[in-house]
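Enquirer: Sequence:
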Amino acid sequence: MKAWGRLKAFWRRGSTNRYAVEDIFTPNKPATHTYIERTAVDELLSKALDTPGKQIVIYGESGTGKTTLVRNKLAAKDGMLIWTRCMSSMTFRDCLIDAFDSLEVFYDLQVRDRSTTSKSRKAGGNVKLVQGESTRESREEHEVTSQRVLPPSVTPARIASEIGTIGASWILEDFHKLPLEQKKGLSQVMKIFMDISADYPSLKIIAIGAAGTAREVVALEGEMKNRVAELGVPLMTESELRAILTAGEDLLNIQYDKAVADGIVAYSSGLAGVCHQLALNCCLAANVFETAETGVRIGWKAFEKAILQYIEEESDTTRGLFERATKTTRERKYDNRRIVLRALSRFGFAEGATHAEMLSSIRQEYPEYPPGNLSHYLDELRGEERGALVVFDESAGKYRYASPFFHVYAHAIFATPLADKSQVETGVYPSIETLVDQFRSALQKAILGMGDADSIEVRVRLDGKRQRDHQEPGTEPETRL
1 MKAWGRLKAF WRRGSTNRYA VEDIFTPNKP ATHTYIERTA VDELLSKALD
51 TPGKQIVIYG ESGTGKTTLV RNKLAAKDGM LIWTRCMSSM TFRDCLIDAF
101 DSLEVFYDLQ VRDRSTTSKS RKAGGNVKLV QGESTRESRE EHEVTSQRVL
151 PPSVTPARIA SEIGTIGASW ILEDFHKLPL EQKKGLSQVM KIFMDISADY
201 PSLKIIAIGA AGTAREVVAL EGEMKNRVAE LGVPLMTESE LRAILTAGED
251 LLNIQYDKAV ADGIVAYSSG LAGVCHQLAL NCCLAANVFE TAETGVRIGW
301 KAFEKAILQY IEEESDTTRG LFERATKTTR ERKYDNRRIV LRALSRFGFA
351 EGATHAEMLS SIRQEYPEYP PGNLSHYLDE LRGEERGALV VFDESAGKYR
401 YASPFFHVYA HAIFATPLAD KSQVETGVYP SIETLVDQFR SALQKAILGM
451 GDADSIEVRV RLDGKRQRDH QEPGTEPETR L
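The sequence shown maps to residues 1 to 481 in this note's numbering.
Derived from the structure by calculation, the hints contain no laboratory data. Worth double-checking, as some hints may not be accurate.
[What the hints assert, rightly or not] Listed next, the in silico DSS-like pairs over lysine-lysine satisfying Cα-Cα at most 30 Å (straight line):
1. 225 x 258
2. 177 x 73
3. 445 x 305
4. 398 x 29
5. 29 x 301
6. 445 x 398
7. 398 x 177
8. 398 x 184
9. 177 x 191
10. 225 x 47
11. 327 x 225
12. 184 x 54
13. 54 x 29
14. 305 x 29
15. 73 x 184
16. 54 x 191
17. 327 x 258
18. 54 x 177
19. 77 x 177
20. 73 x 47
21. 225 x 398
22. 191 x 73
Produce the entire structure from the sequences given, and follow the hints as far as they go.
Expert: Structural data, given as structure tokens:
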């Protein structure tokens with residue numbers, strides 16, 4: 001009865017502000033309304049930002065909230081940001097030019113009116129943070145012709161000076177995607193930023209990368225080690241993931257059933273991006289598109305629809321990544337990439353596996369499999385060229401799939417022995433129904449790992465049947481996944 005009383009109280013509550021659901025649960029952009037402070041990392045970042053000359057490298061797995069952390073922390077400090085979104089095809093010079101384009105530095109070439117034409121002197125400090133490519137300013141009787149500072153004039157020192165003049169920070173997002181040779185340029189630019197920090201104390205470079213270590217994001221020179229803050233953003237805890245859901249509930253005037261919240265938290269496995277996606281899908285499945293006038297309860301039926309939508313959206317993209325990861329150009333003694341991916345799928349997603357554990361598993365089928373092969377192909381499968389399906393947790397010394405869905409997908413396609421040819425190799429891919437079955441199994445294991453007996457035995461019985469007992473008064477039975 002206490003639970004029912006809380007539910008009635010929730011039903012009566014109202015929200016003074018109205019929000020679109022896509023602004024609350026944001027799987028594809030940094031969170032603002034549902035930003036959850038992570039005390040330890042927040043404090044380290046604050047100290048680094050407040051230290052003149054200190055440059056910053058932020059690393060961690062994709063979906064842990066690195067960009068969200070930077071945006072919200074710098075917004076609190078009223079910091080101006082220059083963003084460069086790196087791609088694997090870019091050189092470091094491309095990054096410099098991209099930042100300079102964002103600054104829009106011009107100088108006047110010519111001033112003309114009806115009777116005279118004269119050369120103008122070069123304008124100083126004409127920096128504007130606006131979009132567009134306009135190079136001409138026209139008036140009826142007066143015309144000024146301007147031209148951008150040409151790319152050959154763009155140097156690291158010039159970039160540092162212009163960014164420092166406006167008190168901004170330069171954010172290099174997804175810097176891990178650049179080739180190693182291109183990353184080396186960042187170390188030199190960081191040194192220049194440090195050297196002129198006496199003139200511009202707030203001048204910063206913040207390099208963000210989806211990687212297990214700072215060394216994988218940038219190639220720092222020895223003298224830079226003590227002058228760069230290396231901040232690792234860990235996976236979110238269960239309580240932090242639940243805090244995201246709670247914040248969304250308050251803003252949208254909704255309430256997730258405990259079973260649904262448990263399912264979202266368990267499957268998210270510490271990844272804020274997955275949590276936001278499932279929470280958003282649940283709202284859309286329950287026809288919640290903005291803050292509700294009266295409370296809306298989101299039950300298991302909505303969660304089932306949310307999961308099906310998630311699987312359908314992820315399956316095509318994931319298929320392409322697995323094709324890229326397992327593509328071979330010549331035949332070898334071992335089908336190494338498939339062997340490694342299949343071995344990793346045998347271990348739990350959250351737990352992962354050490355090199356030794358994976359080698360032991362592989363040698364049950366291939367007794368003479370070389371440890372060097374495993375090391376080489378694990379590193380390869382972590383790279384963008386092979387889809388970045390695998391990540392390495394340096395603190396635990398373990399490998400695992402980069403997302404829980406990759407793990408589910410691997411279970412489905414490597415269900416048969418490799419000697420009988422995997423589904424990737426034959427071109428036969430798992431159906432949505434097969435993926436739902438694998439998802440159900442993965443979710444059940446994840447919830448068991450949470451250790452909540454009530455959640456395991458009563459609220460989340462993943463048997464595909466209707467739950468007719470342990471219902472709140474006045475609710476209809478709901479189909480379980």
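Enquirer: If a hint holds in the structure, say so; if it doesn't, say that too.
Expert: So, going through the hints one by one against the coordinates:
1. 225 x 258: 46 Å, violated
2. 177 x 73: Given pair residue 177, residue 73 holds - Cα atoms ~24 Å apart, limit 30 Å.
3. 445 x 305: Cα-Cα ~20 Å, so holds.
4. 398 x 29: 28 Å, holds
5. 29 x 301: 27 Å, holds
6. 445 x 398: Holds, at roughly 19 Å.
7. 398 x 177: Since the Cα atoms of residue 398 and residue 177 sit roughly 22 Å apart, the hinted pair holds (cutoff 30 Å).
8. 398 x 184: 27 Å, holds
9. 177 x 191: 21 Å, holds
10. 225 x 47: Since the Cα atoms of residue 225 and residue 47 sit roughly 17 Å apart, the hinted pair holds (cutoff 30 Å).
11. 327 x 225: With Cα atoms ~38 Å apart, residue 327 and residue 225 exceed 30 Å; violated.
12. 184 x 54: At roughly 18 Å apart (the allowed maximum being 30 Å), residue 54 and residue 184 satisfy the hint.
13. 54 x 29: 27 Å, holds
14. 305 x 29: 23 Å, holds
15. 73 x 184: 27 Å, holds
16. 54 x 191: Distance ~10 Å between residue 54 and residue 191 Cα, so the pair holds.
17. 327 x 258: 43 Å, violated
18. 54 x 177: Roughly 23 Å between the alpha carbons, so the hint for residue 54 and residue 177 holds.
19. 77 x 177: 28 Å, holds
20. 73 x 47: The hint holds at about 11 Å.
21. 225 x 398: 25 Å, holds
22. 191 x 73: 24 Å, holds
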